[in-house]
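Student: Chains F and A, in that order, give the protein sequences. For the first sequence, my numbering gives the first residue as 1, with consecutive numbering after it. For the second sequence, my numbering gives the first residue as 1, with consecutive numbering after it.
Note that these hints are calculated values from the structure, not bench results. By construction, the Cβ of each residue, glycine as well, lies at the ideal position given by its N, Cα and C atoms. Wrong hints could be hidden among the right ones.
[Stated by the list, open to error] Straight-line C-alpha distance at most 20 Å; calculated EDC-like pairs for lysine to aspartate or glutamate:
1) K100(F) - E211(A)
2) K121(A) - E211(A)
3) K135(F) - E66(A)
4) K135(F) - D72(A)
[As the list claims (entries may be wrong)] Anything over 12 Å on all C-beta distances counts as not near chain F; from chain A, calculated:
5) Y115
6) I167
7) D250
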Amino acid sequence: MRTANGRRPFSFYVLTAVFVLFVLFLYGPMTAIYILSFQGPTGGLTFPMRGFSLHWFEALFGQERTGDFAGAFERSLILALLATVLTLVISLSAGLAFRKRFVGASVVFYMAIASLVMPGVFVGLGIAIVLQILKLTPVWWLTGLGAHLTWTLPFGLLIMFAIFNRFNRAYEEAARDLGASSWRTLTEVTIPILAPGLIGVALFGFTLSYDEFPRSVLTVGAKNTLPLEVFAMTNTVTTPSVFALGTLTTAVSFLIISAALASIVVIQRRRSGKAGGGR
Amino acid sequence: MPTRRGTGAREGSRAPAASEAPATRSETMRRLAPYLQVAPLTLLLLFFLVIPVAAILVVSFWSYDEFDIYPDFILDNYAWIFTSPVTYSIYLKTIYYAVVTWAITLVLGFTISYYLVFHVKNLLWQIGLFLLCTVPFWTSNVIRMISWIPFLGREGLFNQALMNAGITSEPLEFLLFSDFAVILAYVHLFTLFMIVPIFNAMARIDPALIEAAIDGGAKPWQVIWEVVLPLSKTGIALGSIFVIALVMGDFFVVRTMSGGQSGSVVSAMMNEIALLQYPTAAAGAVVLLVIVTLMVAAILRVVDVRKELAG
Numbered sequence: 001m002r003t004a005n006g007r008r009p010f011s012f013y014v015l016t017a018v019f020v021l022f023v024l025f026l027y028g029p030m031t032a033i034y035i036l037s038f039q040g041p042t043g044g045l046t047f048p049m050r051g052f053s054l055h056w057f058e059a060l061f062g063q064e065r066t067g068d069f070a071g072a073f074e075r076s077l078i079l080a081l082l083a084t085v086l087t088l089v090i091s092l093s094a095g096l097a098f099r100k101r102f103v104g105a106s107v108v109f110y111m112a113i114a115s116l117v118m119p120g121v122f123v124g125l126g127i128a129i130v131l132q133i134l135k136l137t138p139v140w141w142l143t144g145l146g147a148h149l150t151w152t153l154p155f156g157l158l159i160m161f162a163i164f165n166r167f168n169r170a171y172e173e174a175a176r177d178l179g180a181s182s183w184r185t186l187t188e189v190t191i192p193i194l195a196p197g198l199i200g201v202a203l204f205g206f207t208l209s210y211d212e213f214p215r216s217v218l219t220v221g222a223k224n225t226l227p228l229e230v231f232a233m234t235n236t237v238t239t240p241s242v243f244a245l246g247t248l249t250t251a252v253s254f255l256i257i258s259a260a261l262a263s264i265v266v267i268q269r270r271r272s273g274k275a276g277g278g279r
Numbered sequence: 001m002p003t004r005r006g007t008g009a010r011e012g013s014r015a016p017a018a019s020e021a022p023a024t025r026s027e028t029m030r031r032l033a034p035y036l037q038v039a040p041l042t043l044l045l046l047f048f049l050v051i052p053v054a055a056i057l058v059v060s061f062w063s064y065d066e067f068d069i070y071p072d073f074i075l076d077n078y079a080w081i082f083t084s085p086v087t088y089s090i091y092l093k094t095i096y097y098a099v100v101t102w103a104i105t106l107v108l109g110f111t112i113s114y115y116l117v118f119h120v121k122n123l124l125w126q127i128g129l130f131l132l133c134t135v136p137f138w139t140s141n142v143i144r145m146i147s148w149i150p151f152l153g154r155e156g157l158f159n160q161a162l163m164n165a166g167i168t169s170e171p172l173e174f175l176l177f178s179d180f181a182v183i184l185a186y187v188h189l190f191t192l193f194m195i196v197p198i199f200n201a202m203a204r205i206d207p208a209l210i211e212a213a214i215d216g217g218a219k220p221w222q223v224i225w226e227v228v229l230p231l232s233k234t235g236i237a238l239g240s241i242f243v244i245a246l247v248m249g250d251f252f253v254v255r256t257m258s259g260g261q262s263g264s265v266v267s268a269m270m271n272e273i274a275l276l277q278y279p280t281a282a283a284g285a286v287v288l289l290v291i292v293t294l295m296v297a298a299i300l301r302v303v304d305v306r307k308e309l310a311g
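With the sequences and hints as input, model every part of the structure.
Tutor: What follows is the structure in structure tokens.
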């Protein structure tokens, strides 16, 4: 808000200061551990830095490593990819369903909302109990995946609602009037138009699964995923290796986030280019 | 739920000349389509959410020994919870964490959203700064939490800075492994769950309303209190539900940041699970779920969020 004479009010500066402090609060500690992960070989868990080295990254892969870091990393990546694909397909399909009227729509909707609000560890506990009753053991690519989907799917569904709300059905009708089958309309008209939103769904699917902790604890079984590995390391490892692992994990997250955001920007830009700046 | 725009129009545009008989098959297909499309979502939620939660409820009445759990209908698990003196202190502690975290994240989330929506006028800047606040959501909570350790420890940055500035001569012990550290981590992790819904609600406020209030002689605080606040209450309610459910369901922040000195309901539950005492853990989960549901219901009584979710 500006005052009548066009100058910013005093409150603007106060709030800007609050905002800057909040961003520092948000990113400061993370930045510190990225720096500390390059600690020299004699350095400890806190500042000062005793030289810069890749020592602690090597330690992760080397003999000193605790636990199965490489395996956990691989499992987390595969799990996140599976979750991404399934979240995309299932959310898109459900999003299409919710455009029409069907019996039980509100039941499914509230189930998804309950899934969103349900504390994650209870999803895990419930799955563990079912497995205990059936005398089965959890495996990361099945029960772990299912638990993760209870977290990623509600986000996917809500994003689908948001993108379908802004979607102009005239394009689909035009395709149909020109004789396209429903499948062809979906794959060649609807999905390309929705692409930026779908990338958003994929981003949620990947990152939420990749970083999921509470839903993983009781459902992945004997083999850890990465967040569990990091958590275990915080309790046992007292060297900057923990930070090196944190830096690596976050680097993957940032890579995915930037790729997703960049591709959305590219698509939007190409679109406004094609439209000849008509809008 | 999305608006069902144009359903009628489409039916109308379909060639009305087509004879009835060949249309029936595709008509049935068209009727069935939404059920088939929503089936994967429904089945997944059924298998990995509804049945597991139902299993928690059922097993909370079962009996157990050190080897297995047995079908039964006993109230011992609940009796154990309600008679143990530890239970009350642990529930009070968890609710205390939830309320304090809720209050702080609410004030922070409201302030940040208000700033972004009403003070940052350039849309690109607004989106950019909003993303800056939300990007950490897509990174690991575990890592964001442990990143406080080099800050708060005995030899951490805070203590070094305080001692260098001559404010204290001894390192402050309460920084790490304390309630302070736990709440700090909660605020750090969960504020963005407040910012996103409140920002969304505020972004939809018609600027003309604010203008009108100012023209009507409202002071800035009156604009916030009597226009912005009531109009962002759906966002506040959604954010509150998120934060409360997240804190009440947490165990790993409490465990790490309190250094094991403090427990939450779920961290106590995890100990029982480690001993395979599923029925007691299940009873604890049921009690906690009832409390969380009551809190959510109380929020929903004050604010109807359905419209907001429906987008």
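Student: Hint by hint, note whether the structure agrees.
Tutor: Quick rundown of the hints versus the structure:
no.	hint	verdict
1	K100(F) - E211(A)	violated, 40 Å
2	K121(A) - E211(A)	holds, 15 Å
3	K135(F) - E66(A)	holds, 15 Å
4	K135(F) - D72(A)	holds, 17 Å
5	Y115	violated, 4 Å
6	I167	holds, 18 Å
7	D250	violated, 8 Å
Of the numbered hints stated above, those contradicted by the structure are hints 1, 5 and 7, listed in ascending order.
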